[in-house]
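*Asks:* The residues making up each chain are set out below.
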Amino acid sequence: DAGVTQSPTHLIKTRGQHVTLRCSPISGHKSVSWYQQVLGQGPQFIFQYYEKEERGRGNFPDRFSARQFPNYSSELNVNALLLGDSALYLCASSLGASAGIYEQYFGPGTRLTVT
Amino acid sequence: AQSVTQLGSHVSVSEGALVLLRCNYSSSVPPYLFWYVQYPNQGLQLLLKYTTGATLVKGINGFEAEFKKSETSFHLTKPSAHMSDAAEYFCAVSGNGANSKLTFGKGITLSVRP
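Taken in sequence, the protein lines are chains H and U.
Residue 1 is where the first sequence starts when you use my numbering, and the numbers rise one by one after that.
Residue 1 is where the second sequence starts when you use my numbering, and the numbers rise one by one after that.
If you are wondering where the hints come from, they were derived from the structure by calculation, not from laboratory data.
Quick caveat: nothing in here was measured; it's all calculated off a predicted structure.
Take these hints with a grain of salt, some might be off.
Stated by the list, open to error - Across the chosen pairs, the derived CB separations fall in these ranges:
hint: 1; chain 1: H; residue 1: 82; chain 2: U; residue 2: 53; range: 42 to 48 Å
hint: 2; chain 1: U; residue 1: 111; chain 2: H; residue 2: 52; range: 39 to 45 Å
hint: 3; chain 1: U; residue 1: 20; chain 2: H; residue 2: 82; range: 35 to 41 Å
We put the CB at the ideal spot given by N, CA and C, even for glycine.
Hey, can you work out the whole structure from these sequences and the hints?
*Replies:* Structure below.
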């Protein structure tokens, strides 16, 4: 079975622009979570979606938004990009919404560079 | 609220030596604890996790960790390091609620010397 896939692999944007990152979960997984990993730091939780509903939001500004589609794939959108948004964005899928109960499987990430 | 502290950012060991990576947690509810490994340019892979029951947890690639509630610790060990163990290691904590999320530490880079 295919693992979690993310696109694009790398992305370079200019300050003020908008970006959309995409994630396809493992087949059968209904939950998708997004994490931001700044260089030298651990991943930080941004959003979780389960059955197309938002189930959790981390401490990120409203410039960050996400959605989950009927096929359980997901998009992360970031508006008005700042230099500080440069990071590796990780997507994780799982069978259920509880990270304590259902193992999260991570994709390889999208490396976003904002110049 | 939950948090994880991983002291030190880099650990270097010789091949064949003991690996010990430290993790301390803070949690207002019974914690679920995890260790993940990240190889360069890759996502995170689960090494092992503690939920309930046996406090000594065995994971993949010969790693194990022991949950010590009295010390609020979940240190990761491996008896004999291999060159392929060189990577970044993250400790994480979550609750057991319906919408619980992972909270990660800053990570520790493990180097293995030949």
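*Asks:* Each hint: holds or not?
*Replies:* For each hint, the structure was consulted:
Between residue 82/H and residue 53/U the Cβ separation comes to about 45 Å, which falls inside the hinted range of 42 to 48 Å. At about 43 Å, the beta-carbon gap between residue 111/U and residue 52/H stays in the expected band of 39 to 45 Å. For the hinted restraint 35 to 41 Å between residue 20/U and residue 82/H, the CB-CB distance of approximately 38 Å keeps it satisfied.
The structure shown violates none of the earlier numbered hints.
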